[in-house]
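Okay, here's what each chain looks like letter by letter:
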Amino acid sequence: MERSFFARNPSALIFIACLAGFTLLITVLAEGFGADVISTSMVKTLGKTLCLCLIAIAMDLVWGYCGILSLGHFAFFGLGGYMLGMWLMFERTKEIVVSSMANAPLPPTAQEIRDGIGTQIFGVVGGSEIPGIWLFADSLFAQLALVVLVPGLLALVFGWLAFRSRVTGVYLSILTQAMTLALALYLFQNDSGLRGNNGLSGLQNLPGADAIPQSTMSIWFLWASAAALALGYLLAAWIVGGKFGSVIRGIRDDEARVRFLGYNVEGYKLFIFTVTAVIAAIAGALYYPQAGIINPAEIAPIASIYLAVWVAIGGRGRIYGAVIGAAFVSLVSTWFTGGQAPDIPLGFYTIKWVDWWLILLGLSFVAVTLFAPKGIGGLFDLIEGRIAPNRHGADLGPDMSALREKEASE
Amino acid sequence: MSTLLEVSGISVTFDGFRAINNLSFQIGSAELRAIIGPNGAGKTTFMDIVTGKTRPDEGRVIWGEKSENLLKLNESQIARKGIGRKFQRPTVFEDQTVFENLLMALKKARSPFDVLFYRRSGHDRDKVEELAEEIGLKDELQRKSGELAHGQKQWLEIGMLLAQEPRLLLVDEPAAGMSPVEREHTTNLLVEAAKTRAVVVVEHDMEFVRRLNCKVTVFHEGSVLAEGSLDHVTANQDVIDVYLGR
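Taken in order, these protein sequences are the chains called A and B. For reference, each letter of the first sequence is one residue, going 1 to 410 in the numbering used here. For reference, each letter of the second sequence is one residue, going 411 to 656 in the numbering used here.
No lab work stands behind these hints, which were simulated from the structure alone. Incorrect hints may appear among the rest.
[Stated by the list, open to error] Partner residues are not named here, just some residues of chain B that face chain A (Cβ under 7 Å, in silico): (1) F503; (2) E510; (3) G638.
Glycine included, each C-beta is placed from N, C-alpha and C at the ideal position.
Generate coordinates for the entire structure from the input sequences, incorporating the hints supplied.
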């Protein structure tokens, strides 16, 4: 008989407690609800970081556990963002168009409103027609479904083609990167129907929620991101905790052997690839309303490479490692590239961190890979090793030493 | 005795080198068979073909009562039909415990969804413990299999094979790197297993083959050179010339 889920995964409980504590702390200190210590933009940065942690979990599942170094998961992340962004932008623009036409002598027809929206959204790429892919953009429910369906189907079809031909290792990585690049280049085109390199903007404004200030909205999104991260963590822990985890770790270590045990390796890879693509898409759908804007540059292959770096630095093959890596590296990166890190004058040359941060990140990636393959997560093993084993016995002293602990305490 | 596996007229060429040349082979449903032959005789390639890793250029591989064509199936499908394979080098999942290794091999539904929603029952637990007892690893169940000694890994792999409950076991050099006591244990395991299923053992060590006390097939240059009892084949002049005489 099996022990309960949390007994088998003590780290899940600790993680969720930490996450809840963190979210509450930020809420209490935030501008929107509490002490006004943390600015709204900082709350948004933290909320976005939680979404990045969620996609890092997806990356850890697919790479750290199953051994597929995918350089395409940010494409799914971006697609998720685009799908939700379409609804946000469409409905928001509709509100603006309707209110601007409210003073006209005749009430506007549905067609006039539609034309108005088309001109507003697509004027920037020289069009006014609303493309076919915006068919469901007026329905939140449909676009939420597309957040899951579009990246999920793309991953399913791509994965089926790639895994079926038994493409593995670095070739598979290159293939996923090619997919990402192709998608980004397609979206850069003005006639892709998603506003080319302008992307979608104004996503921070929820339609019908004008009265709610951004300071409050940012807290809502922080909570939603934290909830999604907690659920994602539990899902990941459940997937890798049982026999399924055994099989995918087996695939990572010796694919052929798993095949000879009778497991359909391609099916497992496809499953994990698709599930993680969906997790990535959900993370993206929560990220971009906080970022306010999405454009094809977000999908560029470099983003997915960063993702691999976060997971490697955090420690692959353990879920909390991925979370720590994503949070740590992306926050440090924000600090360095935001111009907050002090420059270092060397007399003949001044090190500006905005320029040198990438070098530092690259060097730390190489260092971690060479000297600490377990990453930051490996530190927990060290701590665990230092703490003496729990021998479970009280020091009873000389008088009662003949008694057992239970007797002595009575 | 009914025929379980029938391989007929298979040939395979790698870059012009003929690894298997018009080879035919049969084994019954409860039979122990040893395959011997010099290096490059095609023993491992033969196993690769039966397990679906390599496709032959010509020939047929027919399986079971329903005479299914194995050449149309991939490795995992063939494994699910009931063919288990042990590699020369012990290949266990070193990062996982002995228990996890055995549980993974246990005969159960293999599709991703079945495995995802799999809940370990007491029955499966008992079965794993029973197997561990049989291969002498009962006390090591919670240890990582990477920590085991070489011989123990070999046994774990045999245990994983038995857990699959295959109808045909293909075993490549099971006694390599084992001490005499371990060898004897392995012999007993294989002889025992062959009472209920077909077992094919590829081995270099004549002493070990003699102890198996079974029919022997000699491979040479990709085809069968001789077949019969060990005494029969060792008396064969061709066999002496190509193999034993060296």
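Hint by hint, here is what the structure shows:
| no. | hint | verdict |
| --- | --- | --- |
| 1 | F503 | 5 Å, holds |
| 2 | E510 | 5 Å, holds |
| 3 | G638 | 30 Å, violated |
Checked against the numbered hints above, the structure violates only hint 3.
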